[in-house]
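Listed in order, the protein sequences are those of chains W, D and Z. Residue numbering for the first sequence follows numbering that gives the first Met the number 0, starting at 0 and increasing by one per position. Residue numbering for the second sequence follows numbering that gives the first Met the number 0, starting at 0 and increasing by one per position. Residue numbering for the third sequence follows numbering that gives the first Met the number 0, starting at 0 and increasing by one per position.
Treat the hints as calculated values from the structure; they're not laboratory data. Treat each hint with caution, since some may be false.
What the hints assert, rightly or not - Keeping only pairs whose Cα atoms sit at most 20 Å apart, straight-line, the calculated SDA-like set for lysine to any residue is: (1) W:Lys124 <-> Z:Arg10; (2) D:Lys81 <-> Z:Asn70; (3) D:Lys4 <-> Z:Met0; (4) D:Lys81 <-> Z:Ala50; (5) W:Lys290 <-> W:Glu307; (6) Z:Lys264 <-> W:Gln71; (7) D:Lys4 <-> Z:Asp265; (8) Z:Lys264 <-> W:Glu26; (9) Z:Lys264 <-> D:Asn2; (10) D:Lys4 <-> Z:Val105; (11) D:Lys245 <-> Z:Ala50; (12) W:Lys123 <-> Z:Gly6; (13) W:Lys124 <-> Z:Trp240; (14) Z:Lys264 <-> W:Gly84; (15) D:Lys187 <-> D:Asp333; (16) D:Lys157 <-> D:Lys183; (17) D:Lys81 <-> Z:His215; (18) D:Lys81 <-> Z:Gln207; (19) D:Lys4 <-> W:Arg68; (20) D:Lys65 <-> Z:Pro209; (21) Z:Lys264 <-> W:Arg24; (22) D:Lys126 <-> Z:Thr150.
Only a predicted model underlies this, so the values are computations on that prediction, with no experimental measurement involved.
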Amino acid sequence: MTTSTSAPVTAPTTHAVAARTKGLRKEYGSTVAVDRVDLELPEGAVLGMLGPNGSGKTTTIRMLLGLVRPTQGEIELLGQRLPDGVEQALPHVGALVEGPGFHPFLSGRENLIRCAAFEPLLPKKQIKQAVEDALERVGLAQAAHRRYRGYSLGMKQRLGLAGALLVPRKLVVLDEPTNGLDPAGTREIRKIIAELHEQGSTVLVSSHLLSEVEATCTHVAVLHRGTVVAQGELTELLQAGGSALQVITPDVETALGALRQAKISARPLGEGLRVELAGTSAPQVIETLVKAGVGVYEATRWKTGLEELFARLTEAEEAERGMSSVDTLDGGRR
Amino acid sequence: MNNRKVTLAAAAAGVLTGAAGLSLLAMPAGAGQPPSLPNIAPETLVEQVLTSKPGAFGGTVEVDNKLGLPSIAEIPQLADGKHSARIWTDGNGKLRLALPNGQSEQTIVDDGTTTWSWNSQDNEVTKSEHKDGRKDEAKPDNAMDPATAAKEIVSKTKEFSDISVDGTARVANRAAYELVLTPKAGEKTLVREVRIAVDSELKMPLRVAVLTNGTAEPVGQVGFSQINVGPQDSKLFEFTPPSGAKVTTPEAKEEQQRHKPEIGIEQALRGENPQIFGTGWDTVVGARIPADAMTQVPAEAQGLVDRFTKKVSGNWGSGKLFTTKVATILIADDGRVVAGAVPEQVLFDTIGQVK
Amino acid sequence: MITRQLGSEVRWMLRRPRTIIGLFGLVLVPIIISFGIWTASDEGGGGPGLAAILKGNGMVVPIFTLFLSLNLLLPLVASIWAADGLAGEAQHGTLRGLLVAPVSRVRLLFVKLFGLTAMSLFAVTLMAVVGIIAGTAFLGTDGMMTLSGTTLSTAEGLVRIVLFILLVTFQMVSIGAVALAVSSTTEHPLVVQAATMTTIIVFQVLGQFPSLDWLHPFLITTGFPGLIDVMRDPIPFGQIWDSTLLAGCYLLIGTGLAAMRLITKDN
Numbered sequence: 000m001t002t003s004t005s006a007p008v009t010a011p012t013t014h015a016v017a018a019r020t021k022g023l024r025k026e027y028g029s030t031v032a033v034d035r036v037d038l039e040l041p042e043g044a045v046l047g048m049l050g051p052n053g054s055g056k057t058t059t060i061r062m063l064l065g066l067v068r069p070t071q072g073e074i075e076l077l078g079q080r081l082p083d084g085v086e087q088a089l090p091h092v093g094a095l096v097e098g099p100g101f102h103p104f105l106s107g108r109e110n111l112i113r114c115a116a117f118e119p120l121l122p123k124k125q126i127k128q129a130v131e132d133a134l135e136r137v138g139l140a141q142a143a144h145r146r147y148r149g150y151s152l153g154m155k156q157r158l159g160l161a162g163a164l165l166v167p168r169k170l171v172v173l174d175e176p177t178n179g180l181d182p183a184g185t186r187e188i189r190k191i192i193a194e195l196h197e198q199g200s201t202v203l204v205s206s207h208l209l210s211e212v213e214a215t216c217t218h219v220a221v222l223h224r225g226t227v228v229a230q231g232e233l234t235e236l237l238q239a240g241g242s243a244l245q246v247i248t249p250d251v252e253t254a255l256g257a258l259r260q261a262k263i264s265a266r267p268l269g270e271g272l273r274v275e276l277a278g279t280s281a282p283q284v285i286e287t288l289v290k291a292g293v294g295v296y297e298a299t300r301w302k303t304g305l306e307e308l309f310a311r312l313t314e315a316e317e318a319e320r321g322m323s324s325v326d327t328l329d330g331g332r333r
Numbered sequence: 000m001n002n003r004k005v006t007l008a009a010a011a012a013g014v015l016t017g018a019a020g021l022s023l024l025a026m027p028a029g030a031g032q033p034p035s036l037p038n039i040a041p042e043t044l045v046e047q048v049l050t051s052k053p054g055a056f057g058g059t060v061e062v063d064n065k066l067g068l069p070s071i072a073e074i075p076q077l078a079d080g081k082h083s084a085r086i087w088t089d090g091n092g093k094l095r096l097a098l099p100n101g102q103s104e105q106t107i108v109d110d111g112t113t114t115w116s117w118n119s120q121d122n123e124v125t126k127s128e129h130k131d132g133r134k135d136e137a138k139p140d141n142a143m144d145p146a147t148a149a150k151e152i153v154s155k156t157k158e159f160s161d162i163s164v165d166g167t168a169r170v171a172n173r174a175a176y177e178l179v180l181t182p183k184a185g186e187k188t189l190v191r192e193v194r195i196a197v198d199s200e201l202k203m204p205l206r207v208a209v210l211t212n213g214t215a216e217p218v219g220q221v222g223f224s225q226i227n228v229g230p231q232d233s234k235l236f237e238f239t240p241p242s243g244a245k246v247t248t249p250e251a252k253e254e255q256q257r258h259k260p261e262i263g264i265e266q267a268l269r270g271e272n273p274q275i276f277g278t279g280w281d282t283v284v285g286a287r288i289p290a291d292a293m294t295q296v297p298a299e300a301q302g303l304v305d306r307f308t309k310k311v312s313g314n315w316g317s318g319k320l321f322t323t324k325v326a327t328i329l330i331a332d333d334g335r336v337v338a339g340a341v342p343e344q345v346l347f348d349t350i351g352q353v354k
Numbered sequence: 000m001i002t003r004q005l006g007s008e009v010r011w012m013l014r015r016p017r018t019i020i021g022l023f024g025l026v027l028v029p030i031i032i033s034f035g036i037w038t039a040s041d042e043g044g045g046g047p048g049l050a051a052i053l054k055g056n057g058m059v060v061p062i063f064t065l066f067l068s069l070n071l072l073l074p075l076v077a078s079i080w081a082a083d084g085l086a087g088e089a090q091h092g093t094l095r096g097l098l099v100a101p102v103s104r105v106r107l108l109f110v111k112l113f114g115l116t117a118m119s120l121f122a123v124t125l126m127a128v129v130g131i132i133a134g135t136a137f138l139g140t141d142g143m144m145t146l147s148g149t150t151l152s153t154a155e156g157l158v159r160i161v162l163f164i165l166l167v168t169f170q171m172v173s174i175g176a177v178a179l180a181v182s183s184t185t186e187h188p189l190v191v192q193a194a195t196m197t198t199i200i201v202f203q204v205l206g207q208f209p210s211l212d213w214l215h216p217f218l219i220t221t222g223f224p225g226l227i228d229v230m231r232d233p234i235p236f237g238q239i240w241d242s243t244l245l246a247g248c249y250l251l252i253g254t255g256l257a258a259m260r261l262i263t264k265d266n
């Protein structure tokens, strides 16, 4: 909503939502961590929450789970209004927030048993089985007897995931689930997310790894500087945002001048230009350039990926503030 | 939201209750509303006090002492501050006293024929059989019992005092008359008045407070903080020395303590033949301590004595004057001692008569 | 549901290595005391308070041990449990897990308070039992001699010990409740322990100054010495009751503050 590109994709959805926030704002002292966050998580979707570190992803998730009290705004979680309904909603929510949290002196299994004891939906008799199943599912069955203290980062992450999956969930919230995982581990997480999706669970994944989100998500929400700059179905977003032309030319200055006259936005990039196709089309651009006497060696339709979209969304914001765009890209990569 | 506010309010109420409780606990127990009792003539009350025979009772006695006395090792209950003791009596001479001293305890049991004194600090029992089965009247512990103390004061001073009843009071949750003894105009004493709370039913004194000139608060007060009147468990008046405890006789004990000079003075003052001068409130007690007792005082003790006393001299000689709010003691260098609830001048005038 | 949560809490506390080490340390106290008195028993006893009557009086060892430990050791153990209960869980990120499970914050505090109480009772009872065994083994017993010089039967002595266990546990839980309030404000368990122990020590130091006697009735440590009245015969309940009320006020304040903090806290 803050940028022109996001306008078509924030249209209110009419189908059921697993979670929804409205005008969410959180202040810590004088700093505003999150502001005007209107998030919609459709039922059955896999929503990738993208954003550089410090963009408010985790704060938003924590508010969604009732861990943090919003300064302003409304939250609806699985049909319950927060904070009153939090205890009705949360049993159906599995979460891995801000890294896995376990006791170092207990084994993986003991840790899960302790978590299971506090799961309202898990009957006492089923605790043992549920713990074994969860361990199996994340591939920790072999290491379950070992102390958590000795786990690798990846194993810790898996145990965290197992904790979120102890009970069949309507909604699973995973904050940076692939942190510390090797490529094989990352693939497994993707597999688990896909399984959850197949079973009809709604999944919210936050990540700064764009490729991961692109590979697993049906929906995307991009957070930047504490607010949602774009959200919607992944395919729609890519279509809407994905039009640019890369032009290789020796005569960059002239080309820029001509395009500016034609009110087409462009900027120098490498050996040529990068031309935005918003409000214009490729033939029109080539025509403008040729008419201005600019030699075009090559014109390529930019292959838009999430990374590109993300960079553009966050960059646009930076440009408005008159700041360097490089920071954002760096921030986005970690 | 609402739910949360209710919980928050409940938690805050808990905190406030706790804080209020702390302040309540810190506040001295309030005297409460004085009870309303039928009027009684002071003379009648005095008569009843003197003839009352307290039956069996058990209770806790609080001693609040602002006299400015240095602490005496043997009777820590007399040192400045608040002390408590527990007392049980069957009304027929059997008695049990429990004097806590920090975390130790001194227990004195009189089973009618024998007085047992147990001190947990040295795991020692002093056994003293009554001569002729009669009670030893000079026992220091009687001072701990407000009933006995008050009776003694009343009997010794009533003819030298103006007696009145000044309202009522609630002592140890019992209704009491406040009997006030004011020394007559001619009495040369430090005492302004003695207030005795007399139980309205039993006519037994429950509290004695001594007030001196120039103070609003009592300088000394002995009173029950809790009392239950009625027969007491007879087992309380029996004592079997614990196995492993050393049992001695008072004579042996005295022998042991002869070397302690402060005991020497104390014993001299309440010794076999104290010399009494005068009558009523300005009675002065005199005695002569063997001179060697004075010289045997160790240096540290000497320092202590010097700190609490002031050097005085006059035509009677020279000595040390020890002043408390309610009593004055004059110790002459030659061993003569006089003491009384009187201003120092009375002692200077009297010491010459000590033999 | 609540019973299984409480059970899980106690199991979790018992599984902690530091709990095991702490309990082991506590159990050593009565053994060392009994042994020490036994080896020194040739001399004529003496000493202030209970120490004077320990000789040949093994049943007093548990009470003496607990009375001694109440000044420092038991508050330390209570503060460790309180520190691990909230600050420690926050530090490991497990507090979030519990809240998301979900456990309501009030119930979480209840679970923590229960764990603290159960473990305190266990630790105090364990010390007392070891004290009875070590005391009777080293010092022997025919019943229990009181400070008042009377001798109680073994059964009466056991009643006194049970009473003392409950009184000491209550003091410990009250200190723990205040420590829980501190624990709810931080993620560093050591801060909680340091704050609690500093407070206890400072209170005891302040208690030594007669000029501060207006302050003494407010200090929880003021109530400790009065508990020794359990060893007098008959028991004067005045001071015991006052000490327990004083601790009760601390319990209310600590629990209330912890609840207020937990309810409003962002995790």
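Taking the hints in turn, this is what the structure says about them:
1. W:Lys124 <-> Z:Arg10: holds, 18 Å
2. D:Lys81 <-> Z:Asn70: Violated, at roughly 24 Å.
3. D:Lys4 <-> Z:Met0: Distance of about 25 Å is beyond 20 Å: violated.
4. D:Lys81 <-> Z:Ala50: Outside the cut-off at roughly 25 Å; violated.
5. W:Lys290 <-> W:Glu307: violated, 30 Å
6. Z:Lys264 <-> W:Gln71: holds, 16 Å
7. D:Lys4 <-> Z:Asp265: Within the cut-off at roughly 16 Å; holds.
8. Z:Lys264 <-> W:Glu26: Since the Cα atoms of Lys264 (chain Z) and Glu26 (chain W) sit roughly 14 Å apart, the hinted pair holds (cutoff 20 Å).
9. Z:Lys264 <-> D:Asn2: holds, 16 Å
10. D:Lys4 <-> Z:Val105: Measuring from Cα to Cα gives roughly 12 Å; hence the hint holds.
11. D:Lys245 <-> Z:Ala50: Status holds; Cα separation ~16 Å.
12. W:Lys123 <-> Z:Gly6: holds, 12 Å
13. W:Lys124 <-> Z:Trp240: violated, 45 Å
14. Z:Lys264 <-> W:Gly84: holds, 18 Å
15. D:Lys187 <-> D:Asp333: Status violated; Cα separation ~26 Å.
16. D:Lys157 <-> D:Lys183: holds, 10 Å
17. D:Lys81 <-> Z:His215: Holds, at roughly 14 Å.
18. D:Lys81 <-> Z:Gln207: Holds - the C-alpha atoms of Gln207 (chain Z) and Lys81 (chain D) are around 16 Å apart, at most 20 Å.
19. D:Lys4 <-> W:Arg68: Given that 20 Å is the threshold and the Cα spacing comes to 14 Å, the pair holds.
20. D:Lys65 <-> Z:Pro209: Status holds; Cα separation ~14 Å.
21. Z:Lys264 <-> W:Arg24: Judged against 20 Å, a Cα distance of about 17 Å means the pair holds.
22. D:Lys126 <-> Z:Thr150: It holds: about 17 Å lies between the C-alpha atoms, which stays within 20 Å.
When the structure is compared with the earlier hints, violations turn up for hints 2, 3, 4, 5, 13 and 15 and for no others.
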